[in-house]
Amino acid sequence: MLIVSTKHIDVAAECIPTHQLLNVAGERVPDRELDHYVAKLTESDLADFLRDMVVLRRLDNEATALQRQGELGLWAPLLGQEAAQIGSVRATRDSDFIFPSYREHGVAWARGVKAEDLLSVWRGAQSSGWNPNEVNIACQQIVIGAQTLHAAGYGMGIKFDGTDDVAITYFGDGATSQGDVSEAMVFAASYQAPVLFFCQNNQWAISEPVALQSRTQIADRAQGFGLKTWRVDGNDILAVYAATQAALAHCRNGLGPTFIEAVTYRMGSHTTADDPTRYRKPDELEQWKAKDPIDRLVKYLHVIGADVQSYEQRAQNAADELAAQLRAAITAMPDPAVDELFDNVYSEAHEPSVRAREGYLGYLAEFEGEGH
Amino acid sequence: MATTMLKALNQSLRDALTEDEKVVLLGEDIGTLGGVFRVTDGLKKEFGEHRVVDTPLAESGIVGTAIGLAYRGYRPVVEIQFDGFTYPAFDQLVSQLAKLHYRSRGRVKMPVTVRIPYGGGIGSPEHHSESPEAYFAHTAGLRVFAPSSVQDAYTMLRQAIASDDPVIYFEPKRRYHEKAEVELATPENDSSPKAKVLRAGDDVTVVGYGPTTYTLMDAAQAAEDEGVSLEVIDLRSLDPLDIDTVAESVKRTGKLVVVHEASRTSGLGAEICAQITETCFDYLEHAPLRVTGFDVPYPPSRLESHHLPDLDRVMHAVDTVMRHHEATEGAAK
Chain A
1 MLIVSTKHID
11 VAAECIPTHQ
21 LLNVAGERVP
31 DRELDHYVAK
41 LTESDLADFL
51 RDMVVLRRLD
61 NEATALQRQG
71 ELGLWAPLLG
81 QEAAQIGSVR
91 ATRDSDFIFP
101 SYREHGVAWA
111 RGVKAEDLLS
121 VWRGAQSSGW
131 NPNEVNIACQ
141 QIVIGAQTLH
151 AAGYGMGIKF
161 DGTDDVAITY
171 FGDGATSQGD
181 VSEAMVFAAS
191 YQAPVLFFCQ
201 NNQWAISEPV
211 ALQSRTQIAD
221 RAQGFGLKTW
231 RVDGNDILAV
241 YAATQAALAH
251 CRNGLGPTFI
261 EAVTYRMGSH
271 TTADDPTRYR
281 KPDELEQWKA
291 KDPIDRLVKY
301 LHVIGADVQS
311 YEQRAQNAAD
321 ELAAQLRAAI
331 TAMPDPAVDE
341 LFDNVYSEAH
351 EPSVRAREGY
361 LGYLAEFEGE
371 GH
Chain B
1001 MATTMLKALN
1011 QSLRDALTED
1021 EKVVLLGEDI
1031 GTLGGVFRVT
1041 DGLKKEFGEH
1051 RVVDTPLAES
1061 GIVGTAIGLA
1071 YRGYRPVVEI
1081 QFDGFTYPAF
1091 DQLVSQLAKL
1101 HYRSRGRVKM
1111 PVTVRIPYGG
1121 GIGSPEHHSE
1131 SPEAYFAHTA
1141 GLRVFAPSSV
1151 QDAYTMLRQA
1161 IASDDPVIYF
1171 EPKRRYHEKA
1181 EVELATPEND
1191 SSPKAKVLRA
1201 GDDVTVVGYG
1211 PTTYTLMDAA
1221 QAAEDEGVSL
1231 EVIDLRSLDP
1241 LDIDTVAESV
1251 KRTGKLVVVH
1261 EASRTSGLGA
1271 EICAQITETC
1281 FDYLEHAPLR
1291 VTGFDVPYPP
1301 SRLESHHLPD
1311 LDRVMHAVDT
1321 VMRHHEATEG
1331 AAK
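As they're listed, the protein sequences go chains A and B.
According to the numbering used here, the first sequence is numbered sequentially starting from 1.
According to the numbering used here, the second sequence is numbered sequentially starting from 1001.
Bound-form chain A, shown alone:
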């Protein structure tokens, strides 16, 4: 009989340790390796982190609501992963190029993608919510793990060009089982390319627990490919930010590819089409709610004596404004014009495509004026 335990892996002494700069109570925990990466963060920076995470959570909730109301075809919630996404993307610089999967709404939004453009993909109006050349983020990519190879190739290109940019790719615990992810780590390691592999281990790949993907810590496997690796509490925005800074510095210094396993939790469903009550117990969710990334930062702001109420109010106002504006934009969003169906299949002349377009548009024109 094939038995897959859902019990988390016993962490042996030689495993990579999990960095944490803020404990669950919001108290600052010293970390010799990572402390200096957060030393320059001001209270104002922390307040910005809070605002980002609160606005992002609101964006996520609004998107779920819009899906329930029929305005979106589907939505993949990121609830619970706010610190992993904001903490990492805020550590990058604009010229670093990001290769995301399909749940990195926070990464794209933080880089300036408008919320309605993000949601337009999930509404079915287009297949990419942004221009990759404007925000230095590749199109969102849905085949699990495939984008990691694009990051490896992009990193090879950075190395050929001799700049100190970094290619960053986001993927989940489930993706680590894909051959492409292993191949990407092999290529990046072989060429010592500046690539940061950022794994959000949110414990679940739809209904499958992380124990089905890996019998060791994911971070330990990455180390086996020769990548400099960190494992962090992914619900601790300071730890995520610091580890990402460390990893990016390693890449920029020409020391080769890096890997971060951010241990977090998908508090929502896989997508709005999913029902997590079929495969996970309610008490697990309760345990993780106690580790909520936003609550954690709020607690820390209290610990350092900040005017938390005003920061929260400011974040709430920004969230309300975004939600109202997003709802108005999505409900008014027109469907694309019919001829966009045929646009951009090729970038150069392609006669059969031209004929297909002309044929279909001519067919539609036959019905014009019939009033249907």
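These are calculated hints, taken from the structure and not from any lab test.
A portion of the hints provided could be inaccurate.
[Claimed, not checked] Taking lysine-lysine and the DSS-like style, the derived pairs with C-alpha atoms no more than 25 angstroms apart in a straight line are:
#1 B:K1179 - A:K159
#2 B:K1109 - B:K1196
#3 B:K1196 - A:K159
#4 B:K1196 - B:K1179
#5 B:K1109 - B:K1099
#6 A:K114 - B:K1099
#7 B:K1109 - A:K114
#8 A:K159 - B:K1251
#9 B:K1109 - B:K1194
#10 A:K299 - A:K289
#11 B:K1045 - B:K1109
#12 B:K1196 - B:K1251
#13 B:K1194 - A:K159
The structure displayed is predicted, hence computed values, not measured ones.
Knowing the structure of chain A, use the given hints to seat chain B on it.
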């Protein structure tokens, strides 16, 4: 000076590397060794290891990293060592490379060329003799080229590399040692080559590409000895298909035979026969026929002479459409 197809391909890559510093070659054994067929011989030494890159043994990785390089502004040329090793890269080819221009609404160009030595007739073990072109011709977003001559091997590779669209480039490996005079010219200002009439004729249109064109030219000679005139068309580009050149011919001959090494069902032949039936129905004197590999996995090499379309099978199809023609002509008289 006469040169081999291998050397013509080598020169084509050399010229592309010289003209555009964004051209990089990726593949297994292509650097120090010069490729298992020596297509890239000497290029690493000449252009350096950052232009001619030996890769780990992972086809998905090769195509996937080429996509990343294209995102970065490079113009990668990938070698898949043998046709049968294309499939590990299938997702990257079909779901990523083919779709990125469409997915990005034209913002991301994918000028990637994927060279694949393909086809049988060289006595190889399994996975070294396949003809997977239909998968890629079926996939929107990819261009598919299949040169047959030494000159086309040079020129069409230049066109493929110059194209801003991804091109799957099928090289007829059993013709690698074919020799001919080659003119080293810059590519025509056209993203895809048109079909070419290799030999004009009046009685039957025979269509092929890649390695089969040689069989078709032999058939035309044999047919001439029997008083039958074949028009031989080399498709050159399988996507886009230049169906107009085929249709123009069939409208004169009324008879069509399509030949390829790939298996029959849902192959390129089926598509060509369907399009010709749609566009030339009133001109046809006989149903279009296909002469193809059988619907079997590529067989052990001691059986491949039965699997590959040969002169006799092509002539049999020609005889079939001609007999019908003669019978109806006779009845009319």
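Quick rundown of the hints versus the structure:
1. A distance of roughly 40 angstroms separates the Cα atoms of B:K1179 and A:K159; the hinted pair therefore is violated under the 25 angstroms criterion.
2. Taking the CA atoms of B:K1109 and B:K1196, the gap is near 29 angstroms; set against the 25 angstroms cutoff, the hint is violated.
3. Among the hinted pairs, B:K1196 with A:K159 is inconsistent with the structure: their alpha-carbon atoms are about 43 angstroms apart, more than 25 angstroms.
4. Between the alpha carbons of B:K1196 and B:K1179 the distance comes to roughly 20 angstroms, so the proposed pair stays at or under 25 angstroms and holds.
5. For the hint linking B:K1109 to B:K1099, the alpha-carbon distance of about 10 angstroms falls within 25 angstroms, and the restraint holds.
6. For the hint pairing A:K114 with B:K1099, the CA-to-CA distance comes to about 23 angstroms; that is within 25 angstroms, so the pair holds.
7. With a C-alpha separation of about 23 angstroms, the suggested pair B:K1109 and A:K114 falls inside the 25 angstroms cut-off, and the hint holds.
8. Our distance criterion of 25 angstroms between C-alpha atoms is broken by A:K159 and B:K1251, whose separation comes to about 56 angstroms.
9. A distance of roughly 23 angstroms separates the Cα atoms of B:K1109 and B:K1194; the hinted pair therefore holds under the 25 angstroms criterion.
10. Note on A:K299 and A:K289: the hinted pairing holds, with a Cα-Cα distance of about 14 angstroms set against a maximum of 25 angstroms.
11. Taken as a hint, the B:K1045 and B:K1109 pair is broken in the structure, with Cα atoms around 29 angstroms apart against an allowance of 25 angstroms.
12. Note on B:K1196 and B:K1251: the hinted pairing holds, with a Cα-Cα distance of about 16 angstroms set against a maximum of 25 angstroms.
13. A C-alpha spacing of about 39 angstroms is found between B:K1194 and A:K159, which places the hinted pair above 25 angstroms, so the restraint is violated.
Of the hints listed earlier, those the structure fails to meet are numbers 1, 2, 3, 8, 11, 13, in rising order.
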